[in-house]
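Hints in hand, dock the two standalone chains.
For reference, the chains in residue letters:
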Amino acid sequence: MKTLSNFLGERLNVIGAWLLALLWVTPLLYAIWAAVHPIEYEANFDIFAPLTTYNFTNAWSQAPFARYLVNTVLMTTMIVISQFILCTFVAFAFARFEFPFKNILFALVLLQLLIMPDILIVENYKTIRFLGIMDTILAIGLPYMASGFGIFLLRQTFKSIPKELDDAARIDGAGVLRIIWNVYVPLSMPTFVAYGLVSVSFHWNNFLWPLIITNSVETRPLTVGLSIFSMSEAGVEWATISAGTLMTTAPLFIAFLIFQRQFIASFMTAGIK
Amino acid sequence: MIKTYIKIISLFAFIFSLSSFSAKAVELEFYFPVAVGGAAATTVEELSNKYMELNPGVTIKPIYAGSYTDATTKAITAAKGGNPPPMAVLIAIDIFKFYDEDLVMPWDDILTAEEKENWIGGFYSAFMKNSQIDGVTYGIPFQRSTPVLYYNKDAFREAGLDPEKPPQNWAEQLEYAKKLTKKGSDGNIERYGIRIPTKGFPSWLTSGLIYQNGGQMTNGLGTETFLDTPEVIEAVQYLVDLSEKHKVMRPGTLEWGATPKAFFEGQTAMMWTTTGNLTNVRKNAPFDFGVAMLPAGKSFGAPTGGGNFYIFKGTPEAELQATKDFVKWMTAPDQAGVWTMATGYVAPRPDAWETQAMKDYVADFPPALVAKEQLAYADAEFSTYENPKTVKIFNTALENVMSGSISPADAMKQAQIDIDKILKDYR
Numbered sequence: 001m002k003t004l005s006n007f008l009g010e011r012l013n014v015i016g017a018w019l020l021a022l023l024w025v026t027p028l029l030y031a032i033w034a035a036v037h038p039i040e041y042e043a044n045f046d047i048f049a050p051l052t053t054y055n056f057t058n059a060w061s062q063a064p065f066a067r068y069l070v071n072t073v074l075m076t077t078m079i080v081i082s083q084f085i086l087c088t089f090v091a092f093a094f095a096r097f098e099f100p101f102k103n104i105l106f107a108l109v110l111l112q113l114l115i116m117p118d119i120l121i122v123e124n125y126k127t128i129r130f131l132g133i134m135d136t137i138l139a140i141g142l143p144y145m146a147s148g149f150g151i152f153l154l155r156q157t158f159k160s161i162p163k164e165l166d167d168a169a170r171i172d173g174a175g176v177l178r179i180i181w182n183v184y185v186p187l188s189m190p191t192f193v194a195y196g197l198v199s200v201s202f203h204w205n206n207f208l209w210p211l212i213i214t215n216s217v218e219t220r221p222l223t224v225g226l227s228i229f230s231m232s233e234a235g236v237e238w239a240t241i242s243a244g245t246l247m248t249t250a251p252l253f254i255a256f257l258i259f260q261r262q263f264i265a266s267f268m269t270a271g272i273k
Numbered sequence: 001m002i003k004t005y006i007k008i009i010s011l012f013a014f015i016f017s018l019s020s021f022s023a024k025a026v027e028l029e030f031y032f033p034v035a036v037g038g039a040a041a042t043t044v045e046e047l048s049n050k051y052m053e054l055n056p057g058v059t060i061k062p063i064y065a066g067s068y069t070d071a072t073t074k075a076i077t078a079a080k081g082g083n084p085p086p087m088a089v090l091i092a093i094d095i096f097k098f099y100d101e102d103l104v105m106p107w108d109d110i111l112t113a114e115e116k117e118n119w120i121g122g123f124y125s126a127f128m129k130n131s132q133i134d135g136v137t138y139g140i141p142f143q144r145s146t147p148v149l150y151y152n153k154d155a156f157r158e159a160g161l162d163p164e165k166p167p168q169n170w171a172e173q174l175e176y177a178k179k180l181t182k183k184g185s186d187g188n189i190e191r192y193g194i195r196i197p198t199k200g201f202p203s204w205l206t207s208g209l210i211y212q213n214g215g216q217m218t219n220g221l222g223t224e225t226f227l228d229t230p231e232v233i234e235a236v237q238y239l240v241d242l243s244e245k246h247k248v249m250r251p252g253t254l255e256w257g258a259t260p261k262a263f264f265e266g267q268t269a270m271m272w273t274t275t276g277n278l279t280n281v282r283k284n285a286p287f288d289f290g291v292a293m294l295p296a297g298k299s300f301g302a303p304t305g306g307g308n309f310y311i312f313k314g315t316p317e318a319e320l321q322a323t324k325d326f327v328k329w330m331t332a333p334d335q336a337g338v339w340t341m342a343t344g345y346v347a348p349r350p351d352a353w354e355t356q357a358m359k360d361y362v363a364d365f366p367p368a369l370v371a372k373e374q375l376a377y378a379d380a381e382f383s384t385y386e387n388p389k390t391v392k393i394f395n396t397a398l399e400n401v402m403s404g405s406i407s408p409a410d411a412m413k414q415a416q417i418d419i420d421k422i423l424k425d426y427r
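Top to bottom, those sequences are chains F and H. Note that the working numbering has the first sequence beginning at 1, numbered continuously upward. Note that the working numbering has the second sequence beginning at 1, numbered continuously upward.
Excised from the complex, chain H in its bound form (with noise of 0.2 Å):
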């Protein structure tokens, strides 16, 4: 009975012992999301050892934290907990939440005239975009990406289109994706033309086109959406008559996940997805594929996305101090250069792309190029106050227009009503 108590108690021992142990070196915490693939996070733990290397003073922790909802919660968390990381990547559109909830401080505080003009300045200024309130900057541009398209080459040839001409424009598309269209013999549709994914975040690829219309979504202050507008309605009805008019879109809602592996397995000629795929298709696709911009509507545009660095209140000056050297050091040419290599990301500035390690790689695999070329177009990811809830109505809205229950203008109209609802003690 005795020896049972003197167990149980030993073994709680051992466990307390064993789980207690933690390091406590005074470093720079730095919580990073993954949301491409296992070679983000090894390559982030390389660059941060490689600063240490650098700075012998300095001790950088880099902490995964999930995805990106994950790391914006375990961040919150931290915050409010009264135990702040002094740094953290997080999902750029979430710049008004972190404003409003007063986690974030901005970086104009600790940065001199001469780094709001040469590194601020330096970033491309889609990137920017999200990335500022009322011209002060919030956040710096790290792991930032950008749609573009993708196509079958193969499949080009077989229809009769030249591979090295993909589509540059809505009609073109269109065009291209009807004469890619293929039955087969029983009938039913072996390939479908293009698939623009609408499961998942559709409001992302969705701005693609309401850009490329020449519409605006918000009002880039966060208090004000444009969703009821004749552009956005146009754009949207686009997107549907792919599938419901023109037949060369699987109908119904398309999930974002299972999308290159159905232009992998030639489900679909054309695909719209991220730059972030870039080296998962190079991977896996068992042809020949080509990327593009994603084709002019009325102008080019595409949405861009992806996370960046914000800091947080609460972090003494010494290691507010350090954690800007980190960062500038992070964006700087050669490891902004080994980080779009290793990911697919978009190295963030123009200087990234000068490097002699960024040559050899662009000019054996021109695709990359495309992202880099298509910025000169790319605007804002859509953003409010309250983007949870304010993305979730728009993403619901289109997700019943690609599923047939609702018309494009009543889903956006109704979708504006309740995003309004929200965003007026905002304004």
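So that you can see chain F by itself, here it is in the shape it has in the complex (with noise of 0.2 Å):
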């Protein structure tokens, strides 16, 4: 009897998972079926219905993406070098320091999750005005480098790492550098990989302040340019978006593949869901 429910509790989580996972791929296939075929199938399936890659080479031309891929990447690895560098020297310094202040400087260093930065677009801008750098990809990272989210995560993760560890490295005579990199950073590798996923996709797909803080095609990313096919007026183009997204998103899409399971590991133990 216990052996039958619990056969069909496993069944039931089975189909359950199928059925989520069905319905996060959906739009995913479509996007590949609108992609990969005319126009006059966007709507219409037929397992039959001619290939082409007319909407791939319609969308390529339509906005130098070449350039716009290189500067997504300059951008999203510069923002997440930068916020593991500041977040983990700050997260440290929450997590095992006593300074005066501590607690306050803590909760205003939260305050940052509780605004949305949409808000502080015209206060940044001036910043980036002040500093010269209107227009370039630095200008696009910098609003971002210094993390709240990320300074709280880590300063978990530190805390939970037992102070015995620390001590040993201590005796062995490390310095707090050397403590930082060679016990907190690796036994926090999880939370690392997780943040950086988040941190990763978030800023790859931004798209507003990307587009108020620059002005040319060698800093723009690649939302800017895919945003051309979401013009409301005319109507809308599904086989050319498909095509543009599944470009744009591709790199990103293959580098999850290749990892799939260091991330969901990762995911596992840093609880970050």
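Among the hints, a few may not be true.
Simulated DEER-style distance windows between Cβ atoms [what the hints assert, rightly or not]: (1) H:I133 <-> F:F99: 52 to 62 Å; (2) H:H246 <-> F:W24: 34 to 44 Å; (3) H:I133 <-> F:I85: 49 to 59 Å; (4) H:I189 <-> F:I32: 27 to 37 Å; (5) F:W24 <-> H:V362: 48 to 58 Å.
In short, the hints are calculated from the structure, not lab data. Glycine is no exception: its CB is placed at the ideal position from the N, C-alpha and C atoms.
Have a look at this one:
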């Protein structure tokens, strides 16, 4: 009896998982379908429909996507590396050092989580202009480098690392930097991976701020190129949009497929859902 | 260990050095949105390049700024951040918002009396309605449009209608739509007679019905709306009746973006949509199609739409003069013609239709003329202070009516009350 109910429960779990997976993958499957078939088959399913690469060449020719891809990769790499470095040091200070007003300062950092970045657009714009770095990739990344979320996440992870490991390293003569690099960072790898993934996908997809702060092809990211296809007045060309979207998300998607196992393991450990 | 640091630091230096080059020449920046497809962006760049060839002292830098909403956000941020572009093409109906926030300057300030008379006076008056406040010009019409009726001539023949005689008035529109509505063998409706999209920005097309019914939506000063007047409510009732009572239009709210597709696939025999779609329809409709003015109610009527050139406060005098020259050149007959033929927007001045290139174009493709003829009956698009908020109230009310959850009278009365609350501070 017990085994039967266990068996049924397991089955339900599996069915549920499949249903959710199907729901998740449907838009992607549709995008692939629409992208590789002529425009007449956008809404008509026909298994023998002729294949075409026209949508990809059409989308590719409407904006300098190669340059945009380089910009997006530079931008996300720069942001994520800066976030890792800044957040690691700040988080370590909050986790392990004692200094005046520590809690108040930490509360101020947390406050950042409550503020929508969009509200600060004008202030950020003024700062960037003051620094004289308008229309650069650095300008896109700068407001995001000190991430309250990253600091919070890493601080919690560092706090959960046994103090004994820290002490042992200290007895062996390690300095603070060495302790961070050889004890805290390796043990927090899952958090770094999970946070990095969230951050990469956020900045890869970010649109409004890059659009506002940049003016030239040399600095603009993929999302700005992609937005050409989403104009609302003339009706929607699903085939072109699908091809464009697949092109711009492909690098992320491929990276995810390659590192899938590590990602899932990290998410389980880091507890970000 | 140290090596790793050095690697990270040098990677940084590399990325920073790559990212920090940008042009710093003296130039006129010009933000433009794209609302109708890739050709628009290319054409703006081609025209700018041509202008620079003719005027070696001036550099024009056209900057793509996303949709109308994005472009507005970008321009406002830049202006408030102390770095306004000399000019931007932004949606005409945001005129009160830019005025209210003190961001744009009147064109009148930099125009001579002769220019006011001949240049400003040379635009279609329908387009100037969303471009002036109390007679002062803040916007120069550029990418402007108006909705028209597209119809499937093959379906007309099949239903026994004359394909050269599109409906002229509301009664004919309904009668034709009934004849064009076709049931399949299973009793389901295979093809509807008409489709007036009601999701996306329903207020735009509905305002066509309101003007045809002799109504007015606003006082033209942006401070008062008249949504609860009988003319407005009747117009909305006509729209609902097409689907609810007469069953000639698909029930529920109908997506703007999916409407051309429904027309191409024969799901509807007639549709209302912007002239900006003309090139798209010409390219993709697999049947013989016609274009006509929106049918008349008590009279013909239609709204205008689209974007204007604005100039921003804080621009140095020399740049303003250069900007004026550039915009005058862009709206001059030859360039306006190039723009119209590339995009389907309506050339904003009567003289633009007189060039040889435009005469050849309309001779080859007469439907392009329909929008121009309709301009004689066209009026302003809905526009008030706090426009994003008020238009949203109006749109939501219309969507609720179309989804059947509220009667036109109740919805419009409530919308009027909500809008009054917002606008009372401006009176």
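Comparing the hints with the structure gives:
1. H:I133 <-> F:F99: 52 to 62 Å: holds (57 Å)
2. H:H246 <-> F:W24: 34 to 44 Å: About 41 Å separates the Cβ atoms of H246 (chain H) and W24 (chain F), which means 34 to 44 Å holds.
3. H:I133 <-> F:I85: 49 to 59 Å: holds (52 Å)
4. H:I189 <-> F:I32: 27 to 37 Å: holds (32 Å)
5. F:W24 <-> H:V362: 48 to 58 Å: Given about 50 Å between the Cβ atoms, the range holds.
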